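Mapping of the sequence shown onto numbering that gives the first Met the number 0: residues 0 to 125, in sequence order.
Hints in this document: simulated from the structure, not taken from any laboratory. Given the structure is predicted, the values throughout are model-derived calculations rather than measurements. Check each hint, because a few of them may be wrong.
[What the hints assert, rightly or not] Within a straight-line C-alpha distance of at most 30 Å, the following computed DSS-like cross-link-like pairs (lysine-lysine) qualify:
1) K103 - K5
2) K58 - K115
3) K125 - K58
4) K103 - K58
5) K125 - K115
6) K125 - K5
7) K115 - K103
8) K125 - K103
9) K115 - K5
[Stated by the list, open to error] Computed beta-carbon distance windows for the label pairs:
10) C91 - G35: 16 to 26 Å
11) D44 - S94: 30 to 40 Å
12) G50 - A93: 18 to 28 Å
13) M0 - E81: 28 to 38 Å
14) A93 - A43: 27 to 37 Å
15) G79 - M0: 29 to 39 Å
Virtual Cβ for every residue (Gly too), placed ideally from N, Cα, C.
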Amino acid sequence: MIDHNKYLAGRYLEGGRVWPFVDCYGLVLEVRRDLGLPDWPEWADIRAGDGSMVEVAGKWFPTLTPCEPEEGALIALYQGSEMRHVGVVVRCGASLEAMEITQKQRTICLPLHRLKRRFVRVEYYK
Numbered sequence: 000m001i002d003h004n005k006y007l008a009g010r011y012l013e014g015g016r017v018w019p020f021v022d023c024y025g026l027v028l029e030v031r032r033d034l035g036l037p038d039w040p041e042w043a044d045i046r047a048g049d050g051s052m053v054e055v056a057g058k059w060f061p062t063l064t065p066c067e068p069e070e071g072a073l074i075a076l077y078q079g080s081e082m083r084h085v086g087v088v089v090r091c092g093a094s095l096e097a098m099e100i101t102q103k104q105r106t107i108c109l110p111l112h113r114l115k116r117r118f119v120r121v122e123y124y125k
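All chains should be built: construct the whole structure from the sequences, respecting the hints.
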């Protein structure tokens, strides 16, 4: 189990990979490290706004294993046919929730069903 209080210090920085200055994928990497899960590529040069995230996802996601929600799983979030955001599954007491960070808000946790309402498609990978 991770210490959720640590993540309250997160500050959004596009392309950020060094805690506490991270973007949405940087948050996924930080949580996975804290859970002791295998390292994933840093992809420090990807940006949501320039299409590079979509390109990387198209090449890298097929190497990942689709899964049901589980602690540490990456959450791929789609608007239309393109992935636009990622989050990570974390355990909050007895339930699993989504943790995310965006430019407009600091790190938050919310029930998976609430996150799903904001996107056309949601996929989980480990």
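Verification of the supplied hints:
Restraint check for K103 and K5: satisfied, since their Cα atoms lie roughly 19 Å apart, inside the 30 Å limit. Restraint check for K58 and K115: the C-alpha separation of about 24 Å stays at or below 30 Å, so the hint holds. Only pairs whose Cα atoms come within 30 Å are accepted, and K125 paired with K58 is accepted, the gap being roughly 15 Å. For the hint pairing K103 with K58, the CA-to-CA distance comes to about 28 Å; that is within 30 Å, so the pair holds.
Our distance criterion of 30 Å between C-alpha atoms is met by K125 and K115, whose separation comes to about 18 Å. For the given pair, K125 sits about 23 Å from K5 by alpha-carbon distance, which is consistent with the 30 Å threshold. Restraint check: the Cα-Cα separation between K115 and K103 comes to about 18 Å, which is no more than 30 Å; the hinted pair holds. Distance check on the hinted pair: K125 and K103 sit about 27 Å apart at the alpha-carbon level, within 30 Å; holds.
This hinted pair checks out: K115 and K5 have alpha carbons roughly 25 Å apart, not beyond 30 Å. With their beta carbons about 18 Å apart, C91 and G35 fall inside the hinted range of 16 to 26 Å. At about 35 Å, the beta-carbon gap between D44 and S94 stays in the expected band of 30 to 40 Å. Checked against the hint of 18 to 28 Å, the pair G50 and A93 fails, with Cβ atoms roughly 39 Å apart.
Range check, M0 to E81: about 33 Å between beta-carbon atoms, so the 28 to 38 Å window is met. About 35 Å separates the C-beta atoms of A93 and A43, a value consistent with the hinted range of 27 to 37 Å. At roughly 35 Å, the beta-carbon separation of G79 and M0 lies within the given 29 to 39 Å, and the hint holds.
Going through the hint list in order, the structure does not satisfy hint 12, though it satisfies all others.
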